[in-house]
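Participant: Single-letter residue listing:
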Amino acid sequence: MNKIKIFICYLIVLTFAKFSFAEVAPGFNSWDDVLGKAKGGEVNVYMWGGSDAINGFVDDFYGVPLKNDYGITLNRVPLKGTVDAVNQVLSEKEAGVTGDGGNIDLIWINGENFWTLKQANLLYGPFAAGLPNSEFVAWDNPAVNLDFGRPVDGMESPWSSAQFHFMYDSARSNYDDMPRSYAELSDWISANPGRFTYIRPGKGGFVGTRFVKQIFFELSGGQAQWVGPFNQGLYDQWAPKVWELLNSWEKDLWRGGETYPKDNAEMHSLFANGEVDLDFTQSPRGAGPTNTAGTTPPTSRAFAFYENMIGDFNYWAIPYNAPNKAAALVYANLVLEPELQAAQVQPANGFCCGWGISTAKVTDAAGQAAIADAQNNLGDAAEDQNILAKALVSDIAAEYQDLIEADWEANVLLK
Amino acid sequence: MNQNLKKINIYSIYLGAFILILPIIAFFINAFSFRWFYPQLIPKELSMQAWVRLKLIPRQGNRTLEGFLDLWATNPTVIKALINSLTIGFVVTIVSIIIALPAARVLGLFNFKFKKLIIFLMVSPTILPPIAFVLGLNINFISLGFSGSFFGVCLVHLVPIMPYVVLTLTGIFANYNPDFEYQARTLGANKFKTFYLITLPAIAPGMVVAALFAFLVSWSQYLLTFLIGAGKIMTLPLLVFSTASSGNPALTAAISIIFIFPAILILFFTSKFVSGESSATSGFGKI
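Residue numbers (numbering that gives the first Met the number 0), protein chains in the order written: chain Y, 0 to 414; chain X, 0 to 286.
It is worth saying that the hints were derived from the structure and are not from the lab. It cannot be assumed that every hint is accurate.
Straight-line C-alpha distance at most 25 Å; calculated DSS-like pairs for lysine-lysine [stated by the list, open to error]:
(1) Lys43(X) / Lys54(X)
(2) Lys92(Y) / Lys79(X)
(3) Lys117(Y) / Lys231(X)
(4) Lys79(X) / Lys66(Y)
(5) Lys79(Y) / Lys231(X)
(6) Lys38(Y) / Lys231(X)
(7) Lys79(Y) / Lys79(X)
(8) Lys66(Y) / Lys54(X)
(9) Lys231(X) / Lys66(Y)
(10) Lys54(X) / Lys79(Y)
Bound conformation, chain Y alone (with noise of 0.2 Å):
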């Protein structure tokens, strides 16, 4: 009798042990227990400061209400380059702080910067679907659950998201006259010699990357055949056409493509003081945000090729050894919320990227107004949402942004 008594004393126990270690993340039994810790603290969040757009919008949108809702301290650090941030991990880790002895509670991060740091164990987590939050993140999407073709296993949490394509201006140039596939890209640039250039591939110009990488996609017949673990055989196939192709396009290129922009500003730039006429966008919100700035003419607008304009999503992630680990999650889950993600797509809040969570998830009232608010006041500026969601592709295996950033540089810079 006794030992059954024992044995079933033991079930309970066994029974609460199991939910009272059924953790929301690594050191927190639940989320009031994250909260709890969180409060009075501060939380150290660096990122890429290039944007005052943005910057303005986390110290505005995210600040105040850290504050005022959970007692925490925001401390923006802006950073030139992500990078920047990876290497103090490192750093860190070589010195041999541990436990919360850091100075990163969350890095904004996605690709290559995240795959050093989740390979070499140095993140926090996983903690993504432990958020409360976590229920509007479409985690059963490769584009979501994959960062450049590497799972995220929860090391990281969406914050917004981004879609290549073009911005042209209407004073201009018509929008019925745009090309709508890199072939009828060829076709403009010889009718238009001198009035197009792109973002050189390499340190800084991912998004040229990203503009080269489409045209693998587009010769090989589509994206489908490159999602997956990188494939050198089917890499080798393709770069010889891809760098013929640019060759081919080199002597109508501004400045008889002898030198291309380095980034995005760049290109801005060229765009606005009217020396090319097509420019780059990553903002679902095509020409908005650069319009709103004044960083490109009020008249510019958005247009996207109809197949393969490569979209991806960017995260926070917590290195291992954050000082205010429970903050970082508040922080985390925060941005999540519908009324916050609804308030980055608003063009008047001057953010330039895109959703993190997927829409449709979301079910309450006020999340649902303030989502359809924002769709409806994407403005002119933007390219229709219909073309830009078909001709949505996932980015591939990072190795491929490696070997397209040297092999342009040998086969088409310095041919």
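Position chain X against the provided structure of chain Y, taking the given hints into account.
Facilitator: Showing chain X alone in chain Y's frame:
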């Protein structure tokens, strides 16, 4: 003939000044322009948007005294960075002079074995690019717990500053005659009084120049501040660099004005010490 030469000299000074000032004028036009694209010769649209974005000037319709005070009370990043830059600059300047004074006195007044080697080692940070030593230094600073701290940033700023301060003060002491101090001591002045009444006035112009060097070198540090400060100690060069990558010329110009203004102000107030007549710049004597 002589008169003509003088005229030409004066014109060349004006030309030199004009060339120096021209980029600064461009800063001011850019900072208040909006959508200043080719082929506009002068900006068509003037705007405060850059200053509004930096949170230094309130949005239109809110530009009352109260509006300004409310905005500044939110502690904008630019003001935080400005205060940090100034504080670090002043602390580092004072510390560097306190460290350099005894060293410079010995180097300037005495000859001893390996003096040339010691001077060479002291100026070596000016030859070595910061990136060569700061990555290694960063790891040491992290394990010592100095990373991300105000103290660590001040300490690392001393590395590029010390050569300038030591060399400037050594030049002063090379032309300095310590016999005046002995005279004062014989006349009954104590050590402190001697320093205060004899040594200090003699080396003051040189100290001002050394301080100027120290402050300006500290003022313009990007890499050292960024790495050792781990991004937590926000200074103006950090803001200038990250803003310059945004490709918004108005914003970059506005923040550059804030960056160069205190430096110009300090240069202005110390200019009489830097001119040719000052003993501070009369050469490095017999070192």
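Participant: Need the list of violated hint numbers for this structure, in ascending order.
Facilitator: Hint 2 contradicted; others consistent.
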